[in-house]
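Chains E and C, in that order, give the protein sequences. Per the numbering used here, residue 76 is the first one in the first sequence, and the count goes up by one each step. Per the numbering used here, residue 22 is the first one in the second sequence, and the count goes up by one each step.
If you are wondering where the hints come from, they were derived from the structure by calculation, not from laboratory data. Some clues are possibly wrong.
Partial selection, computed: residues in chain C whose CB lies under 10 Å from chain E [to be verified]:
| # | residue |
| --- | --- |
| 1 | 72 |
| 2 | 100 |
| 3 | 109 |
Calculated lysine to aspartate or glutamate pairs in the DMTMM-like style (CA-CA distance at most 25 Å, straight line) [to be verified]:
| # | chain 1 | residue 1 | chain 2 | residue 2 |
| --- | --- | --- | --- | --- |
| 4 | C | 28 | C | 90 |
| 5 | C | 28 | E | 374 |
| 6 | C | 28 | E | 436 |
| 7 | C | 28 | E | 379 |
| 8 | C | 28 | E | 429 |
| 9 | C | 28 | E | 505 |
| 10 | C | 28 | E | 420 |
| 11 | C | 28 | E | 430 |
All C-beta atoms, glycine included, are put in the ideal place defined by N, C-alpha and C.
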Amino acid sequence: MSHFDWLSELLARYQDERVLVRRGSARELAPAHLLELDAEDWGRAAQVAAQFGCRWAGVWAEQHDDSLLISAALAYQGDHLLLRTAVPLAAPRLPSQTPYYPGADRMERHVQDMHGVVYSDHPDGRRWSRHNRWAADHYPLRRDFAADSAPLPAAPEQDYPFIQTQGAGAYEIPVGPVHAGIIEPGHFRFQAVGEMVLNLEQRLGYVHKGIEKIAEGRDAHGLARLAGRVSGDSTVHHAWAACMAMERAAKITVPPRAQALRAVYAERERIANHLGDIGAICNDVAFAFAFQQFARLRELWLRDNAACGGHRLLMDCIVPGGVARDPDAGQLQRLRAAIDPLRRELATLYPILDDHPSLEDRLATTGVLSAEQAQRLGCLGYVGKASGQDCDLRRDHPYAPYDRLHVPSPLFQTGDVEARLQVRMQEVLDSLELLVVLLDTLPDGAVHVPWQAPAAGSEGLGLVEGWRGEILSHVRFGADGRIARYFPRDPSWFNWPALELLIHGNIVPDFPVCNKSVNGSYSGHDL
Amino acid sequence: MLRILNKIRQTGLITEDLPRDAVLEQVGEQLRAGIARQFQGSLAIRQVDAGSCNACELEIHALNNGYYDIERYGVHFVASPRHADVLLVTGPVSVHMETALLRTYEATPAPRLVIAAGDCAACGGEFGCSYASRGAVSNVIPVDAVIPGCPPTPLALLQGLLQALQFPQTAP
Chain E
76 MSHFDWLSEL LARYQDERVL VRRGSARELA PAHLLELDAE DWGRAAQVAA QFGCRWAGVW
136 AEQHDDSLLI SAALAYQGDH LLLRTAVPLA APRLPSQTPY YPGADRMERH VQDMHGVVYS
196 DHPDGRRWSR HNRWAADHYP LRRDFAADSA PLPAAPEQDY PFIQTQGAGA YEIPVGPVHA
256 GIIEPGHFRF QAVGEMVLNL EQRLGYVHKG IEKIAEGRDA HGLARLAGRV SGDSTVHHAW
316 AACMAMERAA KITVPPRAQA LRAVYAERER IANHLGDIGA ICNDVAFAFA FQQFARLREL
376 WLRDNAACGG HRLLMDCIVP GGVARDPDAG QLQRLRAAID PLRRELATLY PILDDHPSLE
436 DRLATTGVLS AEQAQRLGCL GYVGKASGQD CDLRRDHPYA PYDRLHVPSP LFQTGDVEAR
496 LQVRMQEVLD SLELLVVLLD TLPDGAVHVP WQAPAAGSEG LGLVEGWRGE ILSHVRFGAD
556 GRIARYFPRD PSWFNWPALE LLIHGNIVPD FPVCNKSVNG SYSGHDL
Chain C
22 MLRILNKIRQ TGLITEDLPR DAVLEQVGEQ LRAGIARQFQ GSLAIRQVDA GSCNACELEI
82 HALNNGYYDI ERYGVHFVAS PRHADVLLVT GPVSVHMETA LLRTYEATPA PRLVIAAGDC
142 AACGGEFGCS YASRGAVSNV IPVDAVIPGC PPTPLALLQG LLQALQFPQT AP
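The following block holds chain E by itself, in its conformation from the complex (with noise of 0.2 Å):
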C-alpha cells in the first residue's frame, strides 16, 4: 500500500457529484495532499468524504486581506487531505460540514465566534468559545481586533442555552466550573432520573486564554514555548507539532539525533501520563492501592525526566530545529537503566489489576462508547483504540524517527472504560519497548541545526501522535520570520464529545471514573 493510492477514487467521486477541485497540490503541506475547492462545494465535498470512509481532522480560519482562508483536515489510511475555500469577510457564508461530520460541531462554531464565518446550515447555531465577555459582532482572530481589547464586564455565563429535559422525576445536576477535585475548569450539565444519567451536555471555553491570537507576533521559539503550554499534560507532543510544522515551513530538516530525542521525550511523557491515568481510573472507583502505586512509579519517571531532560514535564525541551540540550552519556544511562525496574513493577501490578474482581465490576461495561460513535465522531487516540478505530500516526504515516521503528498499537472493541484502561495498559509496554530501541541506537551528532525563518506566507503541518492521539498544528508565517497563524487542534476536540455520549444509561456515581477514563484536555480544547 503506497500513501495517496486512495486519492483518484475519491476525487473521481468528486467528479461525480460535481465538486469542482479548482487546485491540488501535494508539495506545498506535505505530506498532506492539498484540494482548493468553491466554498459552495464545502458541505458536499464532506458529505462524498464521509460515505467514502475519510475521517475528519480538524477545521480552521485564517484572515487575508478581505477574506477568509477556511482549511478542514481530512484522513483516510494515515493519509492527510487539506480541504481549502475562501469566503469574503464582508459575506463569510459557508456550508457546514457538521451534518456529515458529527465531531466538526464545536470546531466550526469556534470558527463562528473567532472569525465570524457565518455557517448556513449547521444544526447548533449556539456559540461555544465566546462567554459573552467579547461582543457577539467581534471577532478575535480577525485584523481588526486588537488582542488586548478590554472584556466586556464580568459576567456568569449563566444564559448559555442548555438542553432541557422535562417529566415527572428529572431533575438537572449542574457541575463546575469550578469542580471538587485538583483538575481543570469546565461546566457539566445532567439531567438523571433517579441515578441514571439521561443526558449530559458538557459546557466548555472556560479556560480559552486566546493562545491563537497571542501566537500572532510570535518568533518560531517564541511559539514553541507557547505550544508547549497548549495543554501541560502534553507539552511535548505540542511543542514537537509546533516546531514540525514550522520546520516544514521553513524547508529545515531537524538532525537525527535530535529527532530520536524528541521521541525519547514522546515516549516518557506517553508513560507518565498513562501510569498517572491508570492509577486515578482505579482510584475513582475507590481501589487506593493502585492509584498509590501508581502514583508512586509516575513520580519516579517524572524524577528522572528532571535529571535528564531539566524539567519534570519536559518543558521547552523541543525547540525550533531540534532540541534544546544534548544529554549527556550518564543522563542517557539513567533514563536505560529505568526501564528494566519499571518493567519488573508493572509485571507485579498489572496481574493484580486484572484480577481484580471489584475493579472488574466497576469498569467492565461501564461508559461504552460504540465502534460507530467513535468512528463517527472521529474518535483518537486511547478512546478510539478502545472502540475499534485503529488508528496511530506513528504506524500509519511514521513520522521520523517512527520511520524506522515497529510502532505496535492496541485495538479494543468493547469500548468500555476497562478497555480505555487496557490501551492505556498495553501502551505503557510498548512505550517501554520503543524507548529500549530509541535508547541503544540513538544516533551520534548535533542535536539541532541553526532557526531559519521562511520567507511571508509560508506554512506547514505538523502531525503527532501525542498520548492522547492525533495532534495537528498548522503554522503560517508573516513578514520577519513571525507568526501570523497559529491552530493546534488536540484530540480533545473528539474525545470530549464521546464522553457525552457513553455516559448515557451510567449512573451519576460513575461519571468521574468514565471521566477520568476519556481524560479529555481543558485548556488544549478551549486554547
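For this one, chain E is given, so just place chain C on it according to the hints.
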C-alpha cells in the same frame, strides 16, 4: 489479596524527609506550630484552576503522592471553598473564569489566604494579559503569597506553602 499485601510490604514507606535546609526546617517547625495554633492542626486548601495549562495541577497532585505526602503537615485538599482556609490558585485568570474565581473567593470564609501558584498566577506567565486573560491572580483577587515556577515542582510548592503561611493575613 496476598499479592496486594506483598506489594505493599515490599514497597515499604517511601515518604521522604525534606532536604536538609536550615531555613526550611525552621519554617517547617514554625508551620507545625502555626497550623497547630491557628488551625487546630489542620489546614484545608481549595485548589482553583483559573486558566492554567494543567501543568500546575499535575504537580499539585503530586503533593499527595507517597513521596511528598503533604497531609503529614496537617495540610489537606478540600472539595468546597466553604471548607477552605487557603485558596491555591493557578493559571493566568482567563476572563471566562474571572466570575467563578471571584465567587469561589467570596465563598471562602475569612480569614483566608490566597496563594498564587505558578508563573502564570504570579505574573501572567507565557499568556500575560489579553482580551481573554486577566494575567496575574492579583489582578482579580487579593493575593497573599506567590509560588513561582513553570510549573513549580512539588518541593517548590511545599516550600512555598510553608513560607506563605508565615505571611501576615490580609484583612477579611
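Has the given pair, residue 28 of chain C with residue 374 of chain E, been kept, meaning a C-alpha gap of at most 25 Å? Holds. Residue 28 of chain C to residue 374 of chain E sits at ~17 Å (cutoff 25 Å).
Residue 109 of chain C as chain E interface residue, shortest Cβ-Cβ below 10 Å: Check passed: Cβ of residue 109 of chain C comes within 9 Å of chain E, closer than 10 Å.
With a cut-off of 25 Å on the C-alpha distance, tell me whether residue 28 of chain C and residue 90 of chain C pass. holds, 19 Å
Restraint status (C-alpha distance of residue 28 of chain C to residue 429 of chain E at most 25 Å): At roughly 15 Å apart (the allowed maximum being 25 Å), residue 429 of chain E and residue 28 of chain C satisfy the hint.
Would you settle whether the hint for residue 72 of chain C is holds or violated, based on the nearest Cβ-Cβ distance to chain E being less than 10 Å? holds, 5 Å
For the pair supplied as a hint, residue 28 of chain C and residue 436 of chain E, is the alpha-carbon distance within the 25 Å limit? holds, 22 Å
Hold the hint about residue 100 of chain C up to the distance rule: shortest CB distance to chain E must be less than 10 Å. holds, 4 Å
Holds or violated: residue 28 of chain C with residue 420 of chain E, Cα cutoff 25 Å? Satisfied, since the Cα-Cα distance of roughly 9 Å is no more than 25 Å.
Hinted pair, alpha-carbon criterion (25 Å max): residue 28 of chain C, residue 379 of chain E. Please report holds or violated. Holds, at roughly 23 Å.
Under the criterion that the straight-line Cα-Cα distance not exceed 25 Å, is the pair residue 28 of chain C, residue 430 of chain E satisfied? At roughly 15 Å apart (the allowed maximum being 25 Å), residue 430 of chain E and residue 28 of chain C satisfy the hint.
Regarding the pair residue 28 of chain C and residue 505 of chain E, is the alpha-carbon distance no greater than 25 Å? Since the Cα atoms of residue 28 of chain C and residue 505 of chain E sit roughly 24 Å apart, the hinted pair holds (cutoff 25 Å).
In terms of the numbered hints stated before, the structure departs from none.
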